[in-house]
Amino acid sequence: MIPLFIIIPIASAFLISVLRKLHKNLPDILATLACLLLLVLSFVALYMLHITNYKPFVYKLGGWEFPLGITMVLDGLSVLMLIVVNFVALIAIIFSISYMEKYTDKNKYFILFMIMLASMNGLITTGDIFNMYVFLEVGTISSCVLIAFGTEKEELEASFKYLVLSTVASTFILLSVAIIYSYTSSLNMADISLTLSKGSPSSIVIGFLTVLFITGFGIKSAIVPFHAWLPDAHPAAPAPISAMLSSVLIKSLGIYSLLRLLFNVLGVTSSNILVVLGLLSMVAGGFLAIYQKDLKRLLAYSTISQIGYIIFAFGLGTPLGILAGLFHLVNHAFAKLLLFLNSGAVVYATEERNMDNLGGLRQKMPVTAATSLIGSMSISGVPPFGGFWSKLLIIFAAIQAGKFSAAGIAIIISIVTLSYYLKLQKKVFFGKLPERWQNIKEVPLAMVFSMIIPAVLCVFLGLLLLPEVKAIFLDPAVEVIKNGVGYGSIILQNIK
Amino acid sequence: MIDYFLCIVLFCVGLYAILIKRNLIKIIIGLTIMEYAVNLFLVLIGYKYNATFPIFSRQNVATQQPLNMVDPLPQAMVLTAIIIGLAVTVILVGIAIRLYEKYKTFDIAEIRKLKG
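Chains A and B, in that order, are what the protein sequence lines are. Following the working numbering, the numbering of the first sequence begins with 1 at its first residue and continues without gaps. Following the working numbering, the numbering of the second sequence begins with 1 at its first residue and continues without gaps.
Just chain B, with the same shape it has in the complex (with noise of 0.2 Å):
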């Protein structure tokens, strides 16, 4: 129960650093967080105390049981969350970095062509 807990803390850090913070690199280290908090989450769905990984092989034939495996699915959608993060990680960096070069600071306050 306290792994899920502090997966619940670890999503409201993320989601404290967007909405408050104000550089630009704080903002997208936030949504990293919020993303490997969902992905906890993930794979604490696919956790069994004292399983095994959900691999059959030639050896010990007889304690492989799917009962004593841990659940392979969420670990594959972790995977593919994973890359997902990766790829607006990297553009939101390189948006970032063309930001900077244009406003010459992180500061969002500072970057305020457009208004609401």
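Just chain A, same shape as in the assembly (with noise of 0.2 Å):
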């Protein structure tokens, strides 16, 4: 069943390329009909988690022998991950149906999207650090194209940009494959993971692997020092794309397999360097994002803020951390997936991303207006909502590790998240709305729809903390984190 997450996608792409000249919808209907069953599937394979006591799944590709072959790993940190990317891919798919009709070659983007969507979640499933390099690749790639997809003048340079820095740390992150390999003589992830724990493994291998590590993935998930493409990469991308890569690649790409690697493989169990780089992306994207005059490219610096959020609460490795990290991180997906899909309706409508021209356009797109409201009250962290509840336990995580200090940071830079997206709301939405666009219309059903889900999701997600829903969804990814290098013997233990 594991290889099905691939196949999926990899198949409608192909589908998608050899039928779109029979009918003019029936690459939309493909799309959506591959990503809703991707989503199905992903609850299919949580329940199957759920009635086997969360033992991992372990698929061996070709049948080859354990550490010889490539290894799939379904456990409860992947489903956690595959639930939240599926979820935000068939949400910006539904988007981009109508959002996608001012561009000309639709169904480039659809095959291309499909292909970035099963390179996340191969990487998500692969229990082989080579595999992981490769759909790294793949998806850098596809993403580099979908950014470029406009070909106008900015959107070819940030792709330019994008895919230099990321070309660059792919060469780190196959660097530290390639030390590993010598040092273990393994690819295979729970196979290094066992070789480590038991031999006692030089400290020196194991900082500069760190280090690699840290550079690769910091890069591909634009961490503070490495996050100069991700303002330009964001914006200049069509709205659903910009949607895709701020809640899930950069997630996927970046942050789990960072976690994966650094946690389980190499068995770092608190890391100070993600806590200091946690805290300078936090501070250093909040600030940035209040200067910004172009809509989507304050999204995109609060993105770097955010991300910040989650790096910090993982580099603190207390199980109350992780947990609030991994929250943390299903509450942004949903409420950026949401904002980026707003900003993407007010482009559609008017044209326009500077927020000094724009305003009052309440008015005129009400359920825009009103899911843009709660996602940015879910985002800066106010009550009621999802990212409310994710920020608190982060706070309460920095204080019960004794980083006093940091909490403080954490409750500055949230209030100043909150007044970033008020100054959004007060100029995009509130005020009064100038001449030109006295007669533009609600954007069509399809987008409509799309904005509605994440907003009813960034109501409700604060749920996710009751304790029997907790226990479905995060506890056990939790636990595979805190598990650290205990991955390998657990892996080793199910392999039928």
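Please note: incorrect hints may appear among the correct ones.
Said to hold, decoys possible - Below, computed lysine-lysine pairings styled on DSBU-like, alpha-carbon distance capped at 30 Å:
#1 A:K153 with B:K21
#2 A:K153 with B:K26
#3 A:K153 with A:K427
In case anyone wonders, no lab produced these hints; they're calculated from the structure.
Grab the two chains, each in its own frame, and use the hints to assemble them into the complex.
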């Protein structure tokens, strides 16, 4: 069942490219169906894990024996990521059906989208470190082409910047794969983790690998000293792609891989580097976002800031910190998806991204305005919404770990976040409607529908903290990370 | 040992080109050099002095011991890495050509619609 997560998107990409001439709407339907199927499959995977008490499923690709061939692993952490990725992808696909009409080649867009989705699903389920590198590159290349999809000046420039930085990152990752292979003579993550935990690995090698991984995946996930590509790439891409990049791509390509390799393979338990980098991203992203005039650029800087929160929480390494990090990851994915779709709706109706020229859109686009308000409030941590609970947990985790000044910084930055989101609301949706937009209309039905679903989720995501729900979604994932290098022996027990 | 050292030198040459050079094409060449340095490193890991290629054949069965062969896995990895590098280079060159059409220059100091 695990290979289906890669087969379905790749097969649908193939089918779209072959059958696109049969009917005009066929690519839309195929892409939506594939995403829906993937979402259902990820819930089925969660159910199957639940009834077997969260013992990981291991699939041997091609039937090769354990340390030799490529294995695919489905455990608590990967199933949580799969649900988030495929949910976001489904909503983004529904949004793009109407939104992508203004671009010339919608079929190519769907094909690339599906390949990007396949790379993310593959990255999440793979248990092989070189395979992970291959999926990283597939995701990077397809997302780079999607960023340059408009082929205008700024899109090409952003895409070039992104691809150069990303390839440098991948080169670092390939170098670390080579070092791991020469040190442990294995490419299987479970096997490497067993070898490293049995022997006493030299701290120089582990330190060097940690630095290489943090540099490589830090560029992919845009943590602050490596963030230069993100504020260009996210505004340049079409809105559903900005949403995909910001809410799942940098999380699965960057944060998930980093977590898996640092905690489960190298056996790092807590990392002060991650705490410091997280705080830096939080502060830099937050303060840079205040000065932005471009709507999507503001959201991009806000992403850097929120990624900082997530990295910071994981760096603490306590169970509460890991729980808070994962919970904030889920919350941020849906809130940022919603906000980028809103920005897409604004651009669709007005063709304008500069916030100084916008205003008063609330009268003409009520649904966009209402959902955008919910998204902003959730991400800046206003009580009933999901984002509040995750930020509260992150601050509690920091206090529990004895980092009082860091907790103070997190509180201040969450106030800063609220201030720039209020600025966004005031400049775009409230105030006086300029003359030239007197006769704009609300966006088409599919786009409205795809904005309402994440809005509803944003309101109710706080419920994930209820003990019964938490035991299904979050606790198994926390357990996987907390288990550290125990990952190897658990995989070994569950190979059939 | 000198091989590994030269490999690091090659890596640094590529990184230098990416960081310092202002021409798009030179940046792409730097990236390729960096990839080749890592590929060379991978091959060096699998290399063994005086060893044969890792293929069993019907002739000379007696001398074919796995211990006398080089490690085949890094070679397979290098093949994959080369293909990925090719795909990246093709896309980068494609974007560079499009950028040249828009700006009539390869100089990144003049391609500055976006600011930090």
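Okay, which hints does this one fail, numbers in order? none
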